[in-house]
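Sequence order for the protein chains is A and B. Per the numbering used here, the first sequence starts with residue -14, numbered consecutively. Per the numbering used here, the second sequence starts with residue 483, numbered consecutively.
Some hints could be false.
Claimed, not checked - Keeping only pairs whose Cα atoms sit at most 20 Å apart, straight-line, the calculated DMTMM-like set for lysine to aspartate or glutamate is: (1) B:K551 with B:E513; (2) B:K590 with A:D95; (3) B:K485 with B:E548; (4) A:K55 with A:D39; (5) A:K42 with A:D23; (6) B:K485 with B:E513; (7) B:K485 with A:D44; (8) A:K68 with A:D44; (9) B:K590 with A:D23; (10) A:K42 with A:E54; (11) B:K551 with B:E537; (12) B:K590 with A:D44.
What the hints assert, rightly or not - Sample of chain B residues at the chain A side, in silico, Cβ under 7 Å: (13) Q524; (14) G525; (15) P526; (16) Y528; (17) F588; (18) G589; (19) K590.
Keep in mind the hints are simulated off the structure, nothing from the lab. By construction, the Cβ of each residue, glycine as well, lies at the ideal position given by its N, Cα and C atoms.
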Amino acid sequence: DGGITQSPKYLFRKEGQNVTLSCEQNLNHDAMYWYRQDPGQGLRLIYYSQIVNDFQKGDIAEGYSVSREKKESFPLTVTSAQKNPTAFYLCASSIERDRGVSNQPQHFGDGTRLSIL
Amino acid sequence: DAKTTQPPSMDCAEGRAANLPCNHSTISGNEYVYWYRQIHSQGPQYIIHGLKNNETNEMASLIITEDRKSSTLILPHATLRDTAVYYCIVRVALLYSGGGADGLTFGKGTHLIIQP
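Take the sequences, apply the hints, and build the full model.
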């Protein structure tokens, strides 16, 4: 089945460590996104990428980094500079704008829950 | 993107239609209305979207008022599995977004509880 796979489902990090969250999609989507969700809150955009080897900062990019070396993959690294990394992280993808379908929805993975030890 | 207002929570009896309202009084002409839902500890699931006309798919119906300032998501026969937080989002169609983040802005949504 086509979809978005995030791994691991649960992740623990010691303070001062970097950690990388995986996101893979087989939907042939060009655009991919990372969001953060805190308890009882909506989603906030961290980074997004509309094409391979290109990505843009979202609203809360500080303390995070991403790469987009392959169309299918968009890993997110939570660095030690992120002072409050405990959250639920969600990856999404959508058809890119240039295909003329401008209003297509985003499809989400099931998330990774990151906790600090 | 225009701001939306939703009630924080709603109850609905199993088997009945669930009607979830959303106000978006500052919506502009090129903004679509999207609905997503999120079941606890899972990623959001796309439900439906529309611009002006009412829309229906296998999951739900979307009714948009003529002035486009509000909309209603209808789940025709609610089941216990429909218990979730429902998000109404208004955003510009991608071709017109002209730069800046292309992500979706999720508020707190409506927590819909289906009662047996």
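Against the structure, the hints:
1. B:K551 with B:E513: Holds. B:K551 to B:E513 sits at ~11 Å (cutoff 20 Å).
2. B:K590 with A:D95: holds (18 Å)
3. B:K485 with B:E548: Holds - the C-alpha atoms of B:E548 and B:K485 are around 18 Å apart, at most 20 Å.
4. A:K55 with A:D39: holds (11 Å)
5. A:K42 with A:D23: Holds, because 19 Å separates the two Cα atoms, which is no more than 20 Å.
6. B:K485 with B:E513: Holds, at roughly 11 Å.
7. B:K485 with A:D44: Measuring from Cα to Cα gives roughly 16 Å; hence the hint holds.
8. A:K68 with A:D44: With a Cα-Cα distance of about 16 Å, the restraint between A:K68 and A:D44 holds, given a limit of 20 Å.
9. B:K590 with A:D23: holds (11 Å)
10. A:K42 with A:E54: holds (17 Å)
11. B:K551 with B:E537: Satisfied, since the Cα-Cα distance of roughly 16 Å is no more than 20 Å.
12. B:K590 with A:D44: Given that 20 Å is the threshold and the Cα spacing comes to 17 Å, the pair holds.
13. Q524: Holds, about 5 Å.
14. G525: holds (3 Å)
15. P526: Where the cut-off is 7 Å and the nearest Cβ of chain A is about 5 Å from B:P526, the hint holds.
16. Y528: Since chain A brings a Cβ to about 4 Å from B:Y528, closer than 7 Å, the hint holds.
17. F588: holds (3 Å)
18. G589: Because about 5 Å separates B:G589 from the closest Cβ in chain A, which is inside the 7 Å limit, the hint holds.
19. K590: Where the cut-off is 7 Å and the nearest Cβ of chain A is about 6 Å from B:K590, the hint holds.
Violated hints are absent here; each numbered hint is respected by the structure.
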